[in-house]
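Undergrad: So you can see what is in the structure, the chains are spelled out below.
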Amino acid sequence: MGTRLGELVERLGGELAGDPNIEVTGIAPLADAGASHISFLSNSKLRAQAAQSGAAALILAPSDSETVGATYPGARIVTKNPYAYFARAAQYFEALTAFVPAAGVHPSAYVAGSARVDPSAHVGPNATVEEGASVGAGAVIGAGCFVGRDAVIGAETRLFANVTFHAGCQIGARGIIHSGAVIGTDGFGFANEGGVYIKIPQTGRVVIGDDVDIGANTTIDRGALADTIIEDGVKLDNQIQIGHNCHIGAHTAMAGCVGVAGSAKIGKYCTFGGAAMVLGHLTIADHVHISSGSMVSRSIAEAGQYTGFYPLAKNADWEKTAAIVRNLDTMRDKIRALEKTIKTLTEQK
Amino acid sequence: MGTRLGELVERLGGELAGDPNIEVTGIAPLADAGASHISFLSNSKLRAQAAQSGAAALILAPSDSETVGATYPGARIVTKNPYAYFARAAQYFEALTAFVPAAGVHPSAYVAGSARVDPSAHVGPNATVEEGASVGAGAVIGAGCFVGRDAVIGAETRLFANVTFHAGCQIGARGIIHSGAVIGTDGFGFANEGGVYIKIPQTGRVVIGDDVDIGANTTIDRGALADTIIEDGVKLDNQIQIGHNCHIGAHTAMAGCVGVAGSAKIGKYCTFGGAAMVLGHLTIADHVHISSGSMVSRSIAEAGQYTGFYPLAKNADWEKTAAIVRNLDTMRDKIRALEKTIKTLTEQK
Amino acid sequence: MGTRLGELVERLGGELAGDPNIEVTGIAPLADAGASHISFLSNSKLRAQAAQSGAAALILAPSDSETVGATYPGARIVTKNPYAYFARAAQYFEALTAFVPAAGVHPSAYVAGSARVDPSAHVGPNATVEEGASVGAGAVIGAGCFVGRDAVIGAETRLFANVTFHAGCQIGARGIIHSGAVIGTDGFGFANEGGVYIKIPQTGRVVIGDDVDIGANTTIDRGALADTIIEDGVKLDNQIQIGHNCHIGAHTAMAGCVGVAGSAKIGKYCTFGGAAMVLGHLTIADHVHISSGSMVSRSIAEAGQYTGFYPLAKNADWEKTAAIVRNLDTMRDKIRALEKTIKTLTEQK
Numbered sequence: 414m415g416t417r418l419g420e421l422v423e424r425l426g427g428e429l430a431g432d433p434n435i436e437v438t439g440i441a442p443l444a445d446a447g448a449s450h451i452s453f454l455s456n457s458k459l460r461a462q463a464a465q466s467g468a469a470a471l472i473l474a475p476s477d478s479e480t481v482g483a484t485y486p487g488a489r490i491v492t493k494n495p496y497a498y499f500a501r502a503a504q505y506f507e508a509l510t511a512f513v514p515a516a517g518v519h520p521s522a523y524v525a526g527s528a529r530v531d532p533s534a535h536v537g538p539n540a541t542v543e544e545g546a547s548v549g550a551g552a553v554i555g556a557g558c559f560v561g562r563d564a565v566i567g568a569e570t571r572l573f574a575n576v577t578f579h580a581g582c583q584i585g586a587r588g589i590i591h592s593g594a595v596i597g598t599d600g601f602g603f604a605n606e607g608g609v610y611i612k613i614p615q616t617g618r619v620v621i622g623d624d625v626d627i628g629a630n631t632t633i634d635r636g637a638l639a640d641t642i643i644e645d646g647v648k649l650d651n652q653i654q655i656g657h658n659c660h661i662g663a664h665t666a667m668a669g670c671v672g673v674a675g676s677a678k679i680g681k682y683c684t685f686g687g688a689a690m691v692l693g694h695l696t697i698a699d700h701v702h703i704s705s706g707s708m709v710s711r712s713i714a715e716a717g718q719y720t721g722f723y724p725l726a727k728n729a730d731w732e733k734t735a736a737i738v739r740n741l742d743t744m745r746d747k748i749r750a751l752e753k754t755i756k757t758l759t760e761q762k
Numbered sequence: 414m415g416t417r418l419g420e421l422v423e424r425l426g427g428e429l430a431g432d433p434n435i436e437v438t439g440i441a442p443l444a445d446a447g448a449s450h451i452s453f454l455s456n457s458k459l460r461a462q463a464a465q466s467g468a469a470a471l472i473l474a475p476s477d478s479e480t481v482g483a484t485y486p487g488a489r490i491v492t493k494n495p496y497a498y499f500a501r502a503a504q505y506f507e508a509l510t511a512f513v514p515a516a517g518v519h520p521s522a523y524v525a526g527s528a529r530v531d532p533s534a535h536v537g538p539n540a541t542v543e544e545g546a547s548v549g550a551g552a553v554i555g556a557g558c559f560v561g562r563d564a565v566i567g568a569e570t571r572l573f574a575n576v577t578f579h580a581g582c583q584i585g586a587r588g589i590i591h592s593g594a595v596i597g598t599d600g601f602g603f604a605n606e607g608g609v610y611i612k613i614p615q616t617g618r619v620v621i622g623d624d625v626d627i628g629a630n631t632t633i634d635r636g637a638l639a640d641t642i643i644e645d646g647v648k649l650d651n652q653i654q655i656g657h658n659c660h661i662g663a664h665t666a667m668a669g670c671v672g673v674a675g676s677a678k679i680g681k682y683c684t685f686g687g688a689a690m691v692l693g694h695l696t697i698a699d700h701v702h703i704s705s706g707s708m709v710s711r712s713i714a715e716a717g718q719y720t721g722f723y724p725l726a727k728n729a730d731w732e733k734t735a736a737i738v739r740n741l742d743t744m745r746d747k748i749r750a751l752e753k754t755i756k757t758l759t760e761q762k
Numbered sequence: 414m415g416t417r418l419g420e421l422v423e424r425l426g427g428e429l430a431g432d433p434n435i436e437v438t439g440i441a442p443l444a445d446a447g448a449s450h451i452s453f454l455s456n457s458k459l460r461a462q463a464a465q466s467g468a469a470a471l472i473l474a475p476s477d478s479e480t481v482g483a484t485y486p487g488a489r490i491v492t493k494n495p496y497a498y499f500a501r502a503a504q505y506f507e508a509l510t511a512f513v514p515a516a517g518v519h520p521s522a523y524v525a526g527s528a529r530v531d532p533s534a535h536v537g538p539n540a541t542v543e544e545g546a547s548v549g550a551g552a553v554i555g556a557g558c559f560v561g562r563d564a565v566i567g568a569e570t571r572l573f574a575n576v577t578f579h580a581g582c583q584i585g586a587r588g589i590i591h592s593g594a595v596i597g598t599d600g601f602g603f604a605n606e607g608g609v610y611i612k613i614p615q616t617g618r619v620v621i622g623d624d625v626d627i628g629a630n631t632t633i634d635r636g637a638l639a640d641t642i643i644e645d646g647v648k649l650d651n652q653i654q655i656g657h658n659c660h661i662g663a664h665t666a667m668a669g670c671v672g673v674a675g676s677a678k679i680g681k682y683c684t685f686g687g688a689a690m691v692l693g694h695l696t697i698a699d700h701v702h703i704s705s706g707s708m709v710s711r712s713i714a715e716a717g718q719y720t721g722f723y724p725l726a727k728n729a730d731w732e733k734t735a736a737i738v739r740n741l742d743t744m745r746d747k748i749r750a751l752e753k754t755i756k757t758l759t760e761q762k
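Taken in order, these protein sequences are the chains called A, B and C. Its first residue numbered 414, the first sequence is counted upward by one per residue in this note's numbering. Its first residue numbered 414, the second sequence is counted upward by one per residue in this note's numbering. Its first residue numbered 414, the third sequence is counted upward by one per residue in this note's numbering.
Treat each hint with caution, since some may be false.
You can't tell identical chains apart in this list, so a pair holds if it fits in one copy or across any two.
With a straight-line cut-off of 35 Å between C-alpha atoms, the simulated DSBU-like cross-links for lysine-lysine are [what the hints assert, rightly or not]:
1. K727 x K756
2. K458 x K648
3. K733 x K756
4. K753 x K648
5. K753 x K493
6. K648 x K493
7. K458 x K612
8. K678 x K756
9. K727 x K747
10. K747 x K681
11. K458 x K733
12. K648 x K733
13. K681 x K753
14. K747 x K648
15. K493 x K612
16. K733 x K678
17. K678 x K648
18. K678 x K458
If you are wondering where the hints come from, they were derived from the structure by calculation, not from laboratory data.
Please model the complete structure; the sequences and the hints are all you need to start from.
TA: What follows is the structure, given as structure tokens:
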């Protein structure tokens with residue numbers, strides 16, 4: 414299955430230089446692409462490679478089009494953001510062949526009497542949808558999923574197999590929740606009395622906007638009293654932990670293994686590298702970027718890139734530097750002493 | 414649904430100053446509380462705010478009662494630990510409205526013939542309870558849970574949906590295991606022969622005390638030969654990993670993403686901040702507190718707070734300091750050289 | 414149930430010094446072993462303890478055999494690698510008593526019509542096996558597992574309860590996947606357009622070799638276009654995240670909570686301590702060993718041990734050193750100034 418270049422451009426935009434009747438069947442990297450593939454140039458440094466690509470057509474920026482076109486014989490789709498165009502084209506080709514679960518409830522699933530499952534939605538084998546829950550049009554509830562009482566799954570949102578989505582929580586349209594994710598578990602809230610912990614009931618919800626992706630085995634706690642909020646377009650990778658009452662601004666992305674403690678307020682358009690950690694009750698401004706492995710221990714009011722991890726070294730070298738780090742105050746005192754002595758020496762002159 | 418203040422104090426203790434017939438329906442923060450709410454003052458700095466609260470009643474400490482009561486017109490519940498009282502009151506109100514799963518086994522669940530499920534327990538849709546397992550009075554086994562052969566689930570313990578509780582493991586009374594948690598998986602034990610790993614069977618169990626909470630997607634390995642032990646009152650947040658043969662003392666609490674390697678012995682009343690890590694075979698004393706993001710690489714014999722993470726900085730500043738950290742030995746050598754030179758200079762005088 | 418020493422040696426090799434008709438029923442540590450146990454000496458420092466062990470037989474190295482045998486009255490099994498021999502003997506004893514799930518598909522499981530499940534394989538309660546999937550001879554699909562379309566589970570591979578194994582992915586023979594693991598979830602791939610993320614379809618697979626163990630709640634992303642590859646004999650502990658298009662060389666082992674970002678290429682025979690993190694697109698040579706809690710932020714071409722974590726200290730001491738770390742460039746400048754001043758002083762002489 415494939416498509417004509419003309420049809421692709423009609424759907425996705427861009428300016429076509431070349432024959433609109435060329436048939437293409439998929440996307441491939443510059444080096445691998447053949448006569449039935451489209452490829453893309455998103456980095457001008459690869460112009461020479463692009464010019465020699467065997468692809469039937471190239472997606473590229475206006476600033477690269479003429480130079481590459483001088484030697485490249487294939488068609489060109491010219492667009493301002495070739496990488497975004499590539500993503501949309503790849504989505505288009507994937508949709509041609511992707512398996513789409515059939516509408517309806519699998520006989521081995523359990524859907525409670527008062528749950529509303531849209532007739533166009535799919536509920537997979539051995540899934541459970543509790544009383545009062547609502548599953549929107551075109552939504553997919555994968556095998557073994559649990560959708561709790563009064564939970565709301567928006568239209569065209571997909572829960573892959575074995576997702577747990579707890580009572581009263583909500584997700585908007587076109588979301589994706591990957592397998593093993595747990596949404597709406599109790600937050601970690603206790604009062605301490607003589608060393609013994611007394612549980613504080615967690616009665617808030619998790620409220621998730623549209624176009625949110627949540628990775629495999631990621632966990633998002635429900636709010637203690639108010640809700641945990643995940644705004645539109647947020648992208649969370651696998652194994653992330655979001656504490657209760659966090660608020661994550663729109664279009665913020667977090668890589669795998671990130672942890673965010675309770676009541677942190679994170680801005681829009683932020684990025685967090687893998688295994689970054691954020692302490693509780695902090696406020697992070699919009700457009701803040703945290704490097705992988707960094708511990709965010711204070712609020713950040715200014716956009717920019719922040720980092721904090723110990724540099725890797727051969728173990729023997731680390732042993733040396735770590736021993737010095739442990740005693741940096743001694744080193745500082747020695748420098749102070751030297752400064753004093755030298756001051757005295759200089760004055761004696 | 415609500416309750417009279419007099420009835421609340423009868424159940425939970427504390428001294429009531431005010432009308433016992435006032436009806437209250439729930440708890441709210443000082444700023445939001447209205448005429449049907451109780452609120453609480455657990456931090457004396459908020460006395461002024463408390464005095465102006467619209468709450469029908471305030472939970473507060475003896476030391477705050479008079480000052481606040483001078484202007485606050487509502488009722489007061491006076492108690493030594495207002496935050497703990499708040500937690501208990503919140504539990505009380507939650508119980509009035511919380512959904513309680515009905516006793517009995519859901520028709521879509523599989524319970525093996527020799528498993529003993531107390532008639533007052535609940536086994537949810539698509540759950541599996543294997544041969545010889547035992548589920549105590551009032552216990553709840555959520556949808557999609559797996560309870561392995563001969564496992565023991567104590568009275569009033571709740572497994573939320575999609576928990577895996579492996580063969581032979583035990584948990585006591587009033588515990589909570591959140592969704593996606595895996596209890597009793599094999600520990601990571603291998604012998605190495607010429608670079609190839611040979612699995613060492615993990616034949617111990619996980620034995621968990623009473624009143625233990627285990628967070629979503631947390632994993633606890635079974636012991637290699639002896640058992641992994643989690644004592645009474647331990648509270649584990651989400652995404653925690655506990656290795657085989659660990660022993661965690663009573664009333665210790667760990668925040669999300671903590672990892673504890675095998676055979677670590679951790680004391681009572683400890684706390685671990687998020688993403689703290691503990692190496693294997695270490696011993697940690699009682700009342701040790703580990704800050705978030707800290708790597709515990711040696712045993713700790715003395716109670717107290719311990720920390721070890723690289724401070725966050727703007728990326729450009731981090732680049733500078735990290736480069737110096739990598740070469741701290743050079744800096745140390747320079748200081749030594751300076752000290753020598755100065756000594757010579759001074760002696761020459 | 415037990416076995417004769419002679420039979421054990423016949424199966425597992427080694428040289429027996431002693432009566433082959435002694436019956437043994439299991440393995441125990443040196444200190445605990447009684448007259449029906451075998452024990453083992455893998456560390457020569459424990460020779461004295463071994464010599465006094467109550468075990469019926471000892472597994473030990475040729476270099477220890479004579480010394481220990483001089484006083485120890487029991488039988489000896491002499492072998493080059495006693496710890497590996499112990500592992501194999503423990504496997505042997507475990508197999509005598511271990512529960513083996515019966516061949517066949519549990520009535521509460523759903524197996525699609527075109528899936529091929531070997532008659533000797535087991536599919537547990539409430540499990541789902543989708544169209545076109547293949548489950549090999551002697552394989553075990555635990556309760557609540559999901560095996561996606563066209564996935565391939567090799568012979569004698571075991572999926573414990575609640576594993577998710579996505580469409581098109583493959584695992585070879587004799588593998589173990591622990592509960593809650595998710596194999597073949599989408600990688601974290603997006604193009605950004607004006608701050609908004611556009612999903613790049615993840616159409617590669619996860620391809621896993623023979624004898625691979627994957628821990629509880631570990632996640633492995635499918636490739637974006639090409640595959641994610643896990644070679645033979647790799648051992649992954651719990652809560653590990655492996656990004657899309659990673660390639661992990663044979664017999665590499667990773668402890669719990671490790672994260673590997675996308676497209677990292679890791680060599681053979683490597684080890685990663687708990688919570689170590691690897692950035693994307695790096696290349697790590699064979700026989701590289703990364704210490705726990707270390708962030709690998711650059712490729713490593715040379716075998717050896719590498720470390721990078723901030724040393725733990727009492728919190729007050731950490732506060733001091735961390736403040737200095739933040740301003741190490743000031744310290745460096747002071748040293749430079751001192752060097753200059755001293756140079757001047759010296760030259761003035």
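Undergrad: Hint by hint, work out which the structure violates, then give me just those numbers in ascending order.
TA: The structure breaks hints 4, 5, 8, 10, 13, 14; every other hint is satisfied.
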